[in-house]
Amino acid sequence: SIQVNVEKIGDFNAPVSLTISGVPSDVEAKFTVASGVPSFSSTLNLNIPLSTPEGAYTLTIEGASGERIHSVKVTLNVKKKPFTLTITPKVEGAKVKVSGILTPPIQPAKITLQCHSHTEEGEEGETIIHEVNVNSDGSFSDEFYPKTLGEWSVKAIFKDNKGNIVAASDIKYFTIEKTFINELTLLAMNKPLLLILPLIAVIAAAIVGIKIIRKKSIKPTPPKTQIYCQKCGAPLNIEDEFCPYCGARQNK
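Numbering (my numbering), first residue to last: 1 to 252.
Simulated from the structure, these hints should not be mistaken for lab results.
Treat the hints with care, as some may be off.
Derived pair list, reagent style DSSO-like, types lysine-lysine, alpha-carbon separation capped at 30 Å [said to hold, decoys possible]:
#	residue 1	residue 2
1	LYS79	LYS97
2	LYS79	LYS30
3	LYS178	LYS95
4	LYS97	LYS110
5	LYS97	LYS159
6	LYS147	LYS30
7	LYS79	LYS110
8	LYS155	LYS178
9	LYS8	LYS90
10	LYS81	LYS147
11	LYS90	LYS172
12	LYS80	LYS147
13	LYS178	LYS162
Please construct the entire structure, taking both the sequences and the accompanying hints into account.
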């Protein structure tokens, strides 16, 4: 930023407008007070993106009021900052966490994380690309579940507003162990239906099994045998000792 003071001379009391020229094309320049009646102060704020070429730029700040014009020249020196990126990958089961630091911190800024799995020769590996925001202290982090177990590599890249690479980290390697739990975790994360369908089949089979067992355990009640009088043939109850019709004794 540049502080601009507009002082009154004599009894001059007309408004003065401030303008700036000589600013690089991709630099944004703005006065906090663009015009006013002297005496007044204004701050010229310059937003210089990382893509601005290095060098010395002559800026002309001009104050105009009608035909009265006064200007001053200042030099803007643009020098590239040497940014550095460091990252640390960490594996928790099947989940990957990547944290890092951009030095010196700058905001707003985004870091591109490029992750790639290393497979057998001739096979295409899995690639994951994420963009993460940089915090005020330069830190950034990301976490994800890949689809592939085994050895991976990760690299962080910091680009300017035109896509030019400003800084890149060293490539870091990490390994996601090929265990049953990790395979099950990734299956649950990426293809949950493959776990749900077998479970539904097991439950359905269990219900059918219960019904079959219950069906087998229920025995039908045998029909009652009708008893008749041995002498007159009249129908009797099973507990009758004598025939109620002819009085004959029944042999059981």
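Here's how the hints hold up against the structure:
Our distance criterion of 30 Å between C-alpha atoms is broken by LYS79 and LYS97, whose separation comes to about 34 Å. With a CA separation close to 21 Å, the supplied pair LYS79 and LYS30 stays within the 30 Å bound. With a CA separation close to 13 Å, the supplied pair LYS178 and LYS95 stays within the 30 Å bound. About 17 Å separates the Cα atoms of LYS97 and LYS110, which keeps this hinted pair within 30 Å; it holds.
Restraint check for LYS97 and LYS159: satisfied, since their Cα atoms lie roughly 22 Å apart, inside the 30 Å limit. With a C-alpha separation of about 49 Å, the suggested pair LYS147 and LYS30 falls outside the 30 Å cut-off, and the hint is violated. For the hint linking LYS79 to LYS110, the alpha-carbon distance of about 21 Å falls within 30 Å, and the restraint holds. Only pairs whose Cα atoms come within 30 Å are accepted, and LYS155 paired with LYS178 is accepted, the gap being roughly 23 Å.
The straight-line distance between the Cα atoms of LYS8 and LYS90 is roughly 64 Å, outside the 30 Å bound, and the hint therefore fails. Taking the CA atoms of LYS81 and LYS147, the gap is near 38 Å; set against the 30 Å cutoff, the hint is violated. Straight-line distance between C-alpha atoms of LYS90 and LYS172 comes to about 10 Å, which keeps the hinted pair within the 30 Å bound. Restraint check for LYS80 and LYS147: not satisfied, since their Cα atoms lie roughly 40 Å apart, outside the 30 Å limit.
The suggested pairing of LYS178 with LYS162 is violated, with an alpha-carbon distance near 41 Å, which exceeds 30 Å.
Going through the hint list in order, the structure does not satisfy hints 1, 6, 9, 10, 12 and 13.
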